[in-house]
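Engineer: Okay, here's what each chain looks like letter by letter:
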Amino acid sequence: MTKEKPSLTADKTPSIYPAKTKMQVTLIFFVIIGIYLFSMYWTQREMVGGIGGALGNMYVVIEKFFPPNFAVLPAIWEPMAQTIQMAILATTVSAILTVPLALLSAQNVTTFKPLYYLTRTFLNILRTIPDLVLAVLFVGLFGIGLFPGILALIVFSLGILAKLISETIESVDMNPMEAMRASGGNTLQVIWYALVPQVAPQFASLVLYVFEINIRASVVLGLVGAGGIGLILNQQLGFYNYPNAMAIIILIFVVVIVIEFISNKIREALL
Amino acid sequence: MIEFKDVSLVYPNGTQGLKNINVKINDGEFVVIVGLSGAGKSTFIRSINRLVTPTSGSLLIDNEDILSYHGKNLRKLRTKTGMIFQNYNLVKRSNVLKNVLAGRLGHTGTLRSILNLYKKEDIGLAYESLKRVNIEEKLYNRADELSGGQQQRVSIARVLTQQPNYILADEPVASLDPPTSHQVMTYLKKINKEDNITTIVNLHFIDMAMEYADRIIGMRAGEVVFDGPVSEVSEQTFEEIYGRSIREDDLRGGANKS
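As you go down the protein sequences, you meet chains A and B in turn. Take the first sequence: its letter number 190 is residue 185 in the working numbering, and every next letter is one higher. Take the second sequence: its letter number 133 is residue 134 in the working numbering, and every next letter is one higher.
Just so you know, these hints were derived from the structure itself, not from any lab. Take every hint as true, because none was put in to throw you off.
Okay, the calculated beta carbon distance ranges per label pair:
{"id": "1", "chain 1": "B", "residue 1": "Gly15", "chain 2": "A", "residue 2": "Glu255", "range": "49 to 59 Å"}
{"id": "2", "chain 1": "B", "residue 1": "Glu137", "chain 2": "A", "residue 2": "Ala264", "range": "24 to 34 Å"}
{"id": "3", "chain 1": "A", "residue 1": "Thr8", "chain 2": "B", "residue 2": "Asp145", "range": "42 to 52 Å"}
{"id": "4", "chain 1": "A", "residue 1": "Ile261", "chain 2": "B", "residue 2": "Lys194", "range": "46 to 56 Å"}
{"id": "5", "chain 1": "A", "residue 1": "Ser166", "chain 2": "B", "residue 2": "Lys77", "range": "25 to 35 Å"}
{"id": "6", "chain 1": "B", "residue 1": "Asp178", "chain 2": "A", "residue 2": "Ser166", "range": "23 to 33 Å"}
{"id": "7", "chain 1": "A", "residue 1": "Tyr112", "chain 2": "B", "residue 2": "Gly15", "range": "23 to 33 Å"}
{"id": "8", "chain 1": "A", "residue 1": "Ser166", "chain 2": "B", "residue 2": "Asn142", "range": "16 to 26 Å"}
{"id": "9", "chain 1": "A", "residue 1": "Leu68", "chain 2": "B", "residue 2": "Ile124", "range": "49 to 59 Å"}
{"id": "10", "chain 1": "B", "residue 1": "Lys77", "chain 2": "A", "residue 2": "Pro95", "range": "23 to 33 Å"}
{"id": "11", "chain 1": "B", "residue 1": "Ile115", "chain 2": "A", "residue 2": "Leu136", "range": "35 to 45 Å"}
{"id": "12", "chain 1": "B", "residue 1": "Asn135", "chain 2": "A", "residue 2": "Thr8", "range": "50 to 60 Å"}
For each residue, glycine too, the CB sits at the ideal point set by N, CA and C.
Take these sequences, add in the hints, and give me the full structure.
Structural biologist: Laid out in structure tokens, this is it:
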């Protein structure tokens, strides 16, 4: 009786992946492990100091930075507010500029290929420029202050935002757009009625996300002279006034956490 | 009146969608197009409102060749041909009224429609249309809260709001269950009779075609292989159209309700 049953011996049941895939995955696994081992060996050979020195330095740093001098807080509120204003202004402007760019770089809306490739390429170039380079460039053009910082943030966030939103647009359900076209709507009406309701929540969420990025970026931009709290932080570090610098760092930390918390809550509610 | 004169369509990838179609559809007719999937039913129907463009021949609607239309002409043509889709094609995140008002897009200026400044009559018309398909109580529900049959009724209301001369329905019941399918077809038939709107419906269910059509056009491989009133149609006619014997899944069933 038992012999009559279909026997499920090891060589008869198929494995989940074909043998060839298994071989490939195993090979790739070992190649990657090899790369890791090699780079570990290489960096160790080139490294001077190592971890041992860092522990000793840590003590020096802590001694210099602590206790933070919170007495400077009233004086640094204003540059902190400037940093936030920079981020708000830059995010707003880039959110507006994004709309046409995102539409033109979405394959399902811009069916005219050359225009699509042109905007795509433009946005790709925009994204390859690091924000710090932009800031240095604009500070060179307009002098030290908030304006070059805002410009740098606009260009920087435009690149990210337009790319993310054009991808959202490309993933949208095309059927309602066909229906609007079939009922005699023109391009603008089709976009407004069938596309906008589908991307609006994602749009708001991505704008908030870029706002978070902009807050952090605007601090760093201050270091190269683009205004805001970063500029003050850089000055204090330059004067070797570490307790003041530490107070500024803690303030930035708290503000960033609070803003990200609020923004996350809003985004959760949106999606 | 819709007149296909030697219309052919070859898709860019070389597929022949339509092959020398010669068909004349008179005002007020209820025509059902039958055929297997891939027979060219959709291409036929979408040629009429130029969602696809035939590559040769001429297609006359109200004695004007629409194949040369573009821009404003084309939008005007689409304004007078309403379309119903298999997947309802509603904007899921918008409410029912807004979806139905979209039927007025072709009649409304761009700025007015973007600012939601519809004429009072238009909003009234949209509400009337919802009433005609008995779904007016869902006015402010989001479209994705409705069942399939309800969504298809909303899309019928959208077409009614458009006040078209022609209604094109591309497999309107393929995603619905038998009772809902009959309900949707009954509404389409009623509108056809009451408003005298020429209606062209794609179906692949034989029993539904027989029940609702005035006239049946059979298609196979992009060609019209049968064209005649329902009274001339028998099971053998369908076997000829389909090129095989009739099977269980060619029937929708559930027609016992009235």
